[in-house]
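A.B. asks: Take the sequences, apply the hints, and build the full model.
As they're listed, the protein sequences go chains A and B. The first sequence: position 8 = 16 (this note's numbering), numbered continuously. The second sequence: position 545 = 1496 (this note's numbering), numbered continuously.
Simulated from the structure, these hints should not be mistaken for lab results. Just so you know, not all the hints are guaranteed correct.
Dumping the calculated DSS-like pairs for lysine-lysine here, alpha-carbon to alpha-carbon at most 30 Å [what the hints assert, rightly or not]:
#, chain 1, residue 1, chain 2, residue 2
1, B, Lys1160, B, Lys1184
2, A, Lys99, B, Lys1015
3, A, Lys78, B, Lys1784
4, A, Lys84, B, Lys1015
5, A, Lys87, B, Lys1015
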Amino acid sequence: MKDEHSAKADVLQGTLVLLVLRTLEALGPLHGYGIARRIEQISKELLQLNQGTLYPALLRMEQEGWITSKWGASEKNRKAKFYSISSGGRKQLARETKDWERMRSTIDRFLGSIPETLGDEARSGTP
Amino acid sequence: MSWPRVFAARVRGLVFRSRLDSQLEDELRFHLEMQAEDNVRIGMNPAEARYDAARRFGGMESVKEEYRQHRTFAAIETLFRDMRYAARTLGRNPAFTLVAVMTLALGIGVNAAVFTVTNAVLFKGFSYIERSDRILYMTSSEGCCVSYPDFEDWRAQAKSFEGMAIVHGVQVTLSDKGGFPEYRYATEVSADTFRLIGREPILGRDFTKSDEIPSAAPVAILNYSFWESRFGKDPSIVGRTVRINGAPATVVGVMPPGFIFPQNQDLWVPLVPTPNVLKRANRDTWFVFGRMADGVTIQSARAEMETIGRRLEQAYPLTNKGFPPVVRDFAGFYIGPNASVIYGSLWGAVGFVLLIACANLANLMLARALGRSREISVRMALGAGRWRVVRQLLIESLMLSALGGFFGWWIAKWGVRAWELASRSRGYSWFDHVLDYTLDYRVLVYLIAVSAGAALLFGLAPALRLSKLDVNATLKDGGRGSTGGAHGNRLSALLVVAEMALAVILLAGAGVMIRSYLNTYSADIGVQAVKILTGIPNLAASRYPDARARISFYDRLQTSLEAIPGVESVALASTIPMMGAARLSYALDGATPVDEQSRPALSAVTIGPGYFRTLGAAVLSGRDFNDADGFSAPRVAIVNQRFARRFWPGEDPLGKRFRLFSGNTPEAWLTVVGVVSNILQSDMARPELNSLVYLPWRQMAAGDMNVLVRTSVPPGSLRTTFRNEVHALYSDMPMFGPFTLIERLQTRYWDKARYAVLFLIFAGVALLLASVGLYAVIAYSVSRRTQEMGIRMALGAAARDMLSLVFREGMFPVGIGLAIGLAASLAVNRVLKAELVQVSPGDPVALAAASATLILAAVLGCLIPARRAMRVEPAVALRHD
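C.D. replies: The structure is reproduced here in structure tokens:
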């Protein structure tokens, strides 16, 4: 059942996992709406999050054992599901952060080291 | 990825599916409400706030879908959903579902039934024997019978066997202190029979070598159910004395419950080699069986036995020439050498039935699928993948075949039950008692496999066709679903051709089987069996002490029977055709004298004058017996053609002489005065037993005679008159019968009859399915062409033209199918050749009957839709969508 669609989703979710784990590590237990709001607040204008996609991602993270969930009362005393980061989640956060750093530095190196003219040469070199 | 944890989580997800579903709903609702509230707080009006919350959230349904996919195994989840959808679809169309399920149930049911029967015969074998597959059964010549000296030589010389034992069935009178004497079935066996089989008595002891010595005290071992019914499971039975045939015998043991060997008998006694048993010409015992030694195959055992047989033929040519040992496994022995032909053709027949059922289903699915092309197009337009569509349709097919399989199981169960009852009530196929017809796990596995296979067979083609729909064209077409119609029609016509061809093959096969069965009476036996009534009056020795009294009784009976209106002729015979013949020691004139032990035997029937005329056989040369052939006249005999050809080839048998022996004393010479056409007294397969000598009854001191009456009226109608005439002579005389000759022969030929009937049933089912299939295709086509027909009629076509339009469409594939089927049946029927009696595999009568039946059924299948076509109202049809 692997097709192009889910391959694209994987990339997105990779980032999403990082964001969620980081949010939960920083703020402690939060419900889904809280996580979504937080991500939106932090990344306003830069990351247009489709809030709905958060929930399948939360499910997967829980299945992997990175976060745990518990039903509890919200600030307005309504029933809500609260997610918190587990020790496995902290390790995963460290791993993902490192991966992200490495990726970012690689991309940075690429963007910094290739002058625009080289790109033109490469284009004209191929028929 | 830590897959075990994910897997466990998903299993939980699967189990708690509905609870998790509602939790997700709660969670998402909470999310939306929170967002809306926050929106209100920053100044939106409530409607705007809700709208914005929904927009930010994105596609609610696709989120749920994705969530569900990850929560548990996506494939299983969608499978459940597809199944629910399929169940709803099928439930909405109960007529279609009913026809489809019943068609499949028939197809699958007959297959499972035949599998069960075959399973019992070919795979389970003799369920009461340890390692039944290592046991071989031996006779001298086809069918039965071994002489004791031959058995002793085989046992002494054959190295292929751990041991050998001989078996013979007898009827005995049994009496004990508690009850009256009664007839019981006993089996005489060698002392080590049970040891070779691998079973022991549950009570008392097994036979020992010393029980076999002629001077030993008689002993018996009881069948468990006989012990239960006759002695109330009394454990003190062991050691008790009962009288068997008047002589005291000690019960030494009881066999375990359910154990029978080789048929359904009441007790076993040791086979004691008396001087009479020790004659090499006396082939009276049933058969010999042996357990193969390690590493021996049936081929090597057979080869060794054939060598031994050749040695014995050279050593004892008079008794053993033409009696080679025949070595068979269980199926070959119990069912006959044609077991594989019979069962193979049954499998073929039910396979064809299933194929026809599948073709029908494929057609129905195809028609339905094309009708649903708009629905499918919409689904595909909304993003359903091709695999998803194919899978959805296949699941529908699987559900249908699962239902069909479920009902098929019951059809098989009842079918096998009916077969079992029919087999056992007729009582002649003695081996039926040893077969185990329960539907075991093997049948279940087979049934599931067949059902699944059928679903793929009939579901795949329509599903694939549909998944290739041109979505745009179909949607633009206004949903009439005519896209691919031409292809669909061609495919369904092809399926009809195949169905018809298969049905013709089955009908033709059943036809030749039935013809063959009918032939066994007239052509095979050599008599005209219809319109003959036969009975055996029982002449008490006290009232009819000598030959003179007996002759006088029969003379008076014959005279009074001949006077009845509707009686054409009356004759006497010691046995009737197919019921065996006496085996008498003899010597031909001019043969070298031999000692008593190796003197040959011939088969003889004692008859009165007019026997051949009454049975419709012919005296070919010389004369029939007459009333002058009495004790004072010269001793005479009549031989049949087989006998003449065997002993005096190329010579005139008239005037030849031979004589019989009583014990070691030769009797008077008999002179051959006539040669008659062949009448069978035993199985066709045993020609040596059908080389017959006929002796005049007035010269032979015979026992009770069969009285045969040829009638011009239906023979059954004279039963009472026959009985009255006997009782007019002696009012209390017991009598066997009277039965019609057909009734008596039926039991002999029951086995052939039941296979013929079975074939006919399968062919009938096939024909039914095929014509229902044709009907469905034509009816569907007519309903789709209603508009076209309306136009044609509006333009002046007559109802008759509509009729011919429909019939042309329907009968064209039928015609092609018929032609293919007839050609194929010529080849297929050749397989049956070994089973056929005097019918060629391409018997024109059978083929013509099969064709006529098929065409008739096809016409019926076309007629109903054709009538609908004729009644089309142009005005209505033109508005028809």
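A.B. asks: Take the hints in turn and mark each one as holding or not.
C.D. replies: So, going through the hints one by one against the coordinates:
At most 30 Å may separate the alpha-carbon atoms for a hinted pair to count; Lys1160(B) and Lys1184(B) meet this at roughly 27 Å. Only pairs whose Cα atoms come within 30 Å are accepted, and Lys99(A) paired with Lys1015(B) is accepted, the gap being roughly 29 Å. Only pairs whose Cα atoms come within 30 Å are accepted, and Lys78(A) paired with Lys1784(B) is rejected, the gap being roughly 78 Å. Restraint check: the Cα-Cα separation between Lys84(A) and Lys1015(B) comes to about 26 Å, which is no more than 30 Å; the hinted pair holds.
Taken as a hint, the Lys87(A) and Lys1015(B) pair is honoured in the structure, with Cα atoms around 20 Å apart against an allowance of 30 Å.
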